[in-house]
Amino acid sequence: MSLRLQARKLACERDDRWLFRGLDLDIRAGEIVRVEGPNGSGKTTLLKILSGQLADYHGELFWNEAPMRRSRKAFLANLLYLGHSPGVKAALTPLENLAWYQALAGEPDDAAARLEALASVGLVGFEEVPAGQLSAGQQRRVALARLTLIPRPLWVLDEPFTAIDRDGVVALEARLSAHARQGGCVLVTTHHALAASSALRRIRLGQGGDDAGA
Amino acid sequence: MPGPDASPVSEQQAGVACREPREGTAVAVRATLKRDLVLMLRRRSEVLNPLVFFALVITLFPIGISPDPALLASIAPGLLWVAALLAALLSLDSLFRSDFEDGSLEQLLLSPQPLPALVLAKVAVHWLLTGLPLALMAPVLGIMLSLPAGSYAVLALSLALGSASLSLIGAIGAALIVGLSRGGVLLSLLVLPLYIPVLIFGAGAVQAAILGAGVAAHLAILGALLAVALMFAPWAIAASLRISING
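Going line by line, the protein sequences match chains C and V.
Residue numbering for the first sequence follows the working numbering, beginning at 1 and increasing consecutively.
Residue numbering for the second sequence follows the working numbering, beginning at 215 and increasing consecutively.
None of these hints come from the bench; they were simulated from the model.
Errors might be hidden in some of the hints.
[What the hints assert, rightly or not] Derived SDA-like pairs (lysine to any residue); straight-line CA-CA distance at most 25 Å:
1. K73(C) to L413(V)
2. K248(V) to G106(C)
3. K73(C) to L406(V)
4. K248(V) to Q133(C)
5. K248(V) to G183(C)
6. K248(V) to A111(C)
7. K73(C) to L329(V)
8. K248(V) to T44(C)
9. K73(C) to F126(C)
10. K248(V) to F126(C)
11. K73(C) to A331(V)
12. K248(V) to A90(C)
Just so it is clear, the structure is predicted and the values come from calculations on it, not from any experiment.
With the sequences and hints as input, model every part of the structure.
Written out as structure tokens, the structure is:
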């Protein structure tokens with residue numbers, strides 16, 4: 001089965017203001033789509049709509065040619081969403097946090113995979129420290145460990161580079177393009193300049209006008 | 215984080231293909247139960263607060279009203295039930311709030327598992343660490359209110375049954391107000407009317423035990439209320455969470 005997320009005539013209104021209108025999107029396997037725009041232009045809202053969290057929009061969404069309403073379960077089984085807040089419990093250790101996410105995603109319980117995922121984001125030695133004692137960047141890395149832990153083709157990442165140090169940013173960027181090369185698909189908002197590549201597409205959200213997927 | 219060359223490409227290839235939804239609801243529910251239990255046990259004050267509130271309120275009544283055993287015994291069933299109900303209500307506000315604030319709640323909603331099953335696990339933990347301890351503690355406080363000897367078991371049983379309904383119904387309210395910064399009063403207004411049947415039959419069971427009448431009918435109705443709550447509340451909680459997150 002291929003991977004295709006489409007939106008037709010997507011529009012969203014907030015407080016009597018159109019965030020975007022007439023937005024047509026067609027996102028396929030192997031693409032990195034960067035949603036750009038100034039603060040308050042609706043980037044997070046667009047990602048939430050595209051990840052099926054907000055129902056308050058006009059237009060239609062399709063997942064693999066089927067309307068989103070009917071294919072929601074199949075869509076969620078393919079989605080990995082990282083939001084503004086990392087979703088990391090301060091009172092739990094990184095390992096315990098990941099164990100919950102693993103079970104929630106329907107993956108088999110695998111402690112070795114969790115250790116490996118934490119190692120892949122450079123958190124060796126912090127596995128058993130309560131996440132509340134980690135720095136903001138380290139907590140973000142715990143959340144990013146899910147990218148390795150839970151194999152999902154569609155990544156929707158809202159500001160994943162927040163609080164990440166320079167080396168981490170380089171590694172995460174490489175991780176994103178590797179995912180796209182392997183046939184995955186990444187939808188990302190960031191103010192950080194992503195290195196241009198053939199896989200990269202941009203969607204610019206402006207000030208309420210009509211938008212077109214570039 | 216390793217670069218693209220370091221990642222095992224061939225292994226990942228399989229994961230990147232489009233996936234069919236998998237089963238595994240039981241695993242997810244068990245993991246949610248375990249996670250919430252661990253979380254609550256690490257934040258002991260949240261577990262202890264309702265119990266301390268319950269004990270304080272019950273301690274104040276003999277001092278404030280009268281130490282007369284006959285008078286206290288006559289109002290004890292209602293007092294114990296009202297105090298336990300308010301104690302349970304106090305703890306409800308935090309049921310989904312910390313998950314909402316740290317972003318775990320949106321992840322819970324995006325899980326491919328059925329949301330009603332997952333929220334039921336959260337409510338079960340709330341009952342285990344709030345309703346059940348309140349029910350076990352009530353007989354001890356009953357002694358302070360000179361509750362007649364034969365009614366302790368009924369008191370604990372009615373509270374255990376009733377508080378499960380309270381947790382389920384209250385969770386609907388907690389889910390509705392999770393997006394509001396100060397929803398405490400609103401939560402009380404929302405759920406207290408729905409608590410009244412539970413309170414009537416719960417306190418009635420203890421009253422009946424004191425009078426020597428049959429308690430089976432009261433307990434059966436409490437059980438029926440719980441059964442109805444178990445059937446409908448998980449779906450209502452899930453829908454309420456979706457509404458809250460949408461807003």
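Consistency of the hints with the structure:
Taking the CA atoms of K73(C) and L413(V), the gap is near 39 Å; set against the 25 Å cutoff, the hint is violated. Taken as a hint, the K248(V) and G106(C) pair is honoured in the structure, with Cα atoms around 16 Å apart against an allowance of 25 Å. Only pairs whose Cα atoms come within 25 Å are accepted, and K73(C) paired with L406(V) is rejected, the gap being roughly 35 Å. Between the alpha carbons of K248(V) and Q133(C) the distance comes to roughly 21 Å, so the proposed pair stays at or under 25 Å and holds.
Between K248(V) and G183(C) the CA atoms are separated by roughly 35 Å; this puts the pair beyond 25 Å, and the hint is violated. Restraint check: the Cα-Cα separation between K248(V) and A111(C) comes to about 16 Å, which is no more than 25 Å; the hinted pair holds. Between K73(C) and L329(V), the direct Cα distance comes to roughly 11 Å. Compliance with the 25 Å bound is thereby established for this hinted pair. A C-alpha spacing of about 31 Å is found between K248(V) and T44(C), which places the hinted pair above 25 Å, so the restraint is violated.
Proposed proximity of K73(C) and F126(C) is contradicted: the alpha carbons are some 34 Å apart, above 25 Å. Annotation: proposed proximity of K248(V) to F126(C) holds, straight-line Cα distance about 21 Å (limit 25 Å). Distance check on the hinted pair: K73(C) and A331(V) sit about 15 Å apart at the alpha-carbon level, within 25 Å; holds. Among the hinted pairs, K248(V) with A90(C) is consistent with the structure: their alpha-carbon atoms are about 16 Å apart, no more than 25 Å.
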